[in-house]
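Q: Produce the complete structure using the sequences and hints provided.
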Amino acid sequence: EDQVTQSPEALRLQEGESSSLNCSYTVSGLRGLFWYRQDPGKGPEFLFTLYSAGEEKEKERLKATLTKKESFLHITAPKPEDSATYLCAPQRPGANNLFFGTGTRLTVIP
Amino acid sequence: DVKVTQSSRYLVKRTGEKVFLECVQDMDHENMFWYRQDPGLGLRLIYFSYDVKMKEKGDIPEGYSVSREKKERFSLILESASTNQTSMYLCASSARTGTDTQYFGPGTRLTVL
Numbered sequence: 035e036d037q038v039t040q041s042p043e044a045l046r047l048q049e050g051e052s053s054s055l056n057c058s059y060t061v062s063g064l065r066g067l068f069w070y071r072q073d074p075g076k077g078p079e080f081l082f083t084l085y086s087a088g089e090e091k092e093k094e095r096l097k098a099t100l101t102k103k104e105s106f107l108h109i110t111a112p113k114p115e116d117s118a119t120y121l122c123a124p125q126r127p128g129a130n131n132l133f134f135g136t137g138t139r140l141t142v143i144p
Numbered sequence: 062d063v064k065v066t067q068s069s070r071y072l073v074k075r076t077g078e079k080v081f082l083e084c085v086q087d088m089d090h091e092n093m094f095w096y097r098q099d100p101g102l103g104l105r106l107i108y109f110s111y112d113v114k115m116k117e118k119g120d121i122p123e124g125y126s127v128s129r130e131k132k133e134r135f136s137l138i139l140e141s142a143s144t145n146q147t148s149m150y151l152c153a154s155s156a157r158t159g160t161d162t163q164y165f166g167p168g169t170r171l172t173v174l
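Top to bottom, those sequences are chains A and B. Each step along the first sequence adds one to the number in the working numbering, with nothing skipped, and position 6 is 40. Each step along the second sequence adds one to the number in the working numbering, with nothing skipped, and position 8 is 69.
You may find that some hints are simply not true.
What the hints assert, rightly or not - Example chain A residues on the side facing chain B (calculated, C-beta under 7 Å, incomplete):
#1 S52
#2 K76
#3 G77
#4 P78
#5 F80
#6 N131
#7 F134
Said to hold, decoys possible - No more than 30 Å apart at the CA atoms, straight line, and that leaves these computed lysine-lysine pairs for DSBU-like:
#8 B:K116 - A:K76
#9 B:K79 - B:K132
#10 A:K93 - B:K79
#11 B:K64 - A:K76
#12 A:K76 - B:K79
#13 A:K97 - A:K113
#14 B:K64 - B:K118
#15 B:K64 - B:K131
#16 B:K118 - B:K132
#17 B:K74 - B:K131
#18 B:K132 - A:K76
#19 A:K91 - B:K64
#20 B:K118 - B:K131
#21 B:K118 - A:K76
#22 B:K79 - B:K118
#23 B:K114 - A:K103
#24 A:K76 - A:K93
#25 A:K113 - B:K64
#26 B:K74 - B:K64
#27 A:K113 - A:K76
#28 A:K93 - A:K103
#29 B:K114 - A:K76
#30 B:K118 - A:K103
#31 A:K97 - B:K64
#32 B:K74 - A:K93
#33 A:K102 - B:K131
If you are wondering where the hints come from, they were derived from the structure by calculation, not from laboratory data. Every value quoted in this text rests on a predicted model; they were computed, and no experiment measured them. Here a beta-carbon is modelled for each residue, glycine too, at the ideal position from N, C-alpha and C.
A: Written as structure tokens, this is what we have:
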């Protein structure tokens, strides 16, 4: 059975304190892994797609990496505006849909 | 920029009412999706459509139906709303080819009393 687990559920960081969010998955024949950011009361906003183990992508203070079993979202020197829930979503083969984790709620304190 | 719009941000309905949630995308995307999002459960796929008049059930289709008469519009229908359908409903769209990236609308917070 396909599974995706994100940890931690919630994370509080001081501004400038770097950390990583984890997304562990069990999906046979992974087509891709997507990261989204979601602000309260809004729809998810696309960040990255990773397609193969070893791939990395960066955007401002965020860097996403992928292995065969998990993905990490590294946040370097975060700012309060990085506060949001971060969702990962492996894409299952043969299905044009994403399989979402429950997210990590990040709070960055000034 | 891709734009996905949903007809209402907030909606309050009574048990037993028929409810229509509308979604429109302006990027000529073939695929459209309806999810619901609940605390602790994440986003779960209700239905998706890969072409006009075509639809497939997602993980939780019970109690819902959909309609796609035009490429840009995808409707979610609750035939007889129940309190356990109180949730945030999110629509998304993606192109058939390429990166498969799904772009989401702002969501509709539905409360069924």
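Q: Holds or violated: K118 of chain B with K76 of chain A, Cα cutoff 30 Å?
A: Given that 30 Å is the threshold and the Cα spacing comes to 24 Å, the pair holds.
Q: Between K93 of chain A and K79 of chain B, does the CA-CA distance stay at or below 30 Å?
A: violated, 43 Å
Q: When the nearest CB of chain B is found for F80 of chain A, is that gap smaller than 7 Å?
A: holds, 6 Å
Q: Check whether the Cα positions of K116 of chain B and K76 of chain A lie no farther apart than 30 Å.
A: holds, 25 Å
Q: Taking the least C-beta to C-beta distance, is S52 of chain A closer than 7 Å to chain B?
A: Given a least distance of 26 Å, the restraint on S52 of chain A is violated.
Q: Mind checking the alpha carbons of K79 of chain B and K118 of chain B for me, to see if they're no more than 30 Å apart?
A: Judged against 30 Å, a Cα distance of about 20 Å means the pair holds.
Q: Would the hint linking K118 of chain B and K103 of chain A be met if the CA-CA limit is 30 Å?
A: Within the cut-off at roughly 28 Å; holds.
Q: Taking 30 Å as the top limit, are the C-alpha atoms of K76 of chain A and K93 of chain A close enough?
A: Within the cut-off at roughly 21 Å; holds.
Q: Please work out if K74 of chain B and K64 of chain B have their alpha carbons no farther apart than 30 Å.
A: holds, 27 Å
Q: Within a Cα-Cα threshold of 30 Å, do K79 of chain B and K132 of chain B meet the stated pairing?
A: Between K79 of chain B and K132 of chain B the Cα gap is close to 23 Å, so the pair holds against 30 Å.
Q: Can you verify the interface hint for P78 of chain A: is its Cβ closer than 7 Å to any Cβ in chain B?
A: holds, 5 Å
Q: Would the pair K76 of chain A and K79 of chain B pass a check requiring their Cα atoms to be no farther apart than 30 Å?
A: holds, 25 Å
Checked against the numbered hints above, the structure violates hints 1, 10, 23, 32 and 33; every other hint is satisfied.
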